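S.K.: Input sequences plus hints: build the corresponding full structure.
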Amino acid sequence: MKALVSAALVAVGLAGGASANDLPTVSIGYFPDIWSGGTVTIAQEMGFFEEAGITAELQRFTAGAPAVAALASGQLNMSYVGLGPMPTIMKGVATLVGFDNVTYSDQVLVQPDSGIETIADLKGQTVMAPRSSGSQILLYLALEQAGLSPDDIEELGGSPATIVSAMISKQAPAAALWSPFNAEISDKANTKILSSGRDFYPDYVWPGMWIANPGFVEDEAELLHRALWALQKATDWRAENRDEAAQMAAKAFDLSPLSVELAIENTEYFTADQIASAFTDGTVDRWMAGVNKQLMLIGNLEEPIPSENFVNGAPYIEAAQNGLPE
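Mapping of the sequence shown onto mature numbering (1 follows the signal peptide of the UniProt record, and there is no 0): residues -20 to -1, 1 to 306, in sequence order.
Don't read these hints as lab results, they were simulated from the structure. Note that the structure is predicted; figures quoted are calculated from it, not measured. Be careful, since some hints might not be right.
Below 30 Å or equal to it, Euclidean Cα-Cα: the simulated DSS-like pairs (lysine-lysine) are [as the list claims (entries may be wrong)]: (1) Lys231 to Lys168; (2) Lys168 to Lys150; (3) Lys172 to Lys231; (4) Lys103 to Lys150; (5) Lys172 to Lys150; (6) Lys172 to Lys273; (7) Lys172 to Lys71; (8) Lys103 to Lys168; (9) Lys71 to Lys273; (10) Lys273 to Lys103.
M.R.: Structure follows, in structure tokens:
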């Protein structure tokens, strides 16, 4: 299987002899994981981009903020993101047009010999978490549930790689991170899990989302439709072939078996029809109400922003219900 290479753009052409240069192009950002990385790998390997009649230019990111910046500057049409950059998205920089998954992979981890047995035991302890991340949100929710506040701990920020190194070398007693980084820590430091996103579901969710440049949504409706259709086909294939899909992503991105196992165990996958229904039955509105609260908890949002200001489910619903345009 062809690996997706960092910073490279992978072009997928139309079946039937047309070259990639003859096709309309959609640039899509993804992360090297079993979620969005897995979805675009499936769409590529199974020929869904080809079938949709587009050239997909796939650009790799490891964090949401750079992906949103690239999208806002016009370098990307679409991208996958988690909770981190949502305050920027919710203010109109991008439009939320689809979902890939809900994951519980964010975890609060502690060293096995730290003497920390519960979240309450974190009082006075150093805890590392990337700023403005879903894992920082989890940490704050867990502290709140235990009757503590962020002022009760010594919180240190840092990149995921920095935190992984600190935990493995036992320079920090506790941290909050997501997969695959927490899997690497658990594998090498035998850490204990104090809390995960699953503890707060369904009141709060950690969704994986597809966003698009607002101009692309408005001016290139057919291209957006075709791209969403290809991603939906990959989503449906994954729902029927979870283990195979995970192994495809593991091979493409050299993921450890433990990180893949943990990701599979802590992810809710949906079919395209289920996601389309979530846009109409109030589920997405409830999720976004929770996201507002999560972002306000870590001080990244001053007041709630209504979901209708930044969510547009119509293109996803149309692609799911009507298939490819004639």
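S.K.: Each hint: holds or not?
M.R.: A quick look at each hint next to the structure:
1. Of the supplied pair hints, the one linking Lys231 and Lys168 holds, its CA atoms being roughly 21 Å apart against a limit of 30 Å.
2. Distance check on the hinted pair: Lys168 and Lys150 sit about 11 Å apart at the alpha-carbon level, within 30 Å; holds.
3. Straight-line distance between C-alpha atoms of Lys172 and Lys231 comes to about 28 Å, which keeps the hinted pair within the 30 Å bound.
4. With a C-alpha separation of about 18 Å, the suggested pairing of Lys103 with Lys150 holds against the 30 Å cut-off.
5. Between Lys172 and Lys150, the direct Cα distance comes to roughly 13 Å. Compliance with the 30 Å bound is thereby established for this hinted pair.
6. Between Lys172 and Lys273 the CA atoms are separated by roughly 27 Å; this keeps the pair inside 30 Å, and the hint holds.
7. With a C-alpha separation of about 37 Å, the suggested pair Lys172 and Lys71 falls outside the 30 Å cut-off, and the hint is violated.
8. Our distance criterion of 30 Å between C-alpha atoms is met by Lys103 and Lys168, whose separation comes to about 25 Å.
9. Using a Cα cut-off of 30 Å, the hinted pair Lys71 and Lys273 holds, with the two alpha carbons roughly 15 Å apart.
10. For the proposed pair Lys273 and Lys103, the alpha carbon gap of about 23 Å is at most 30 Å, so the pair holds.
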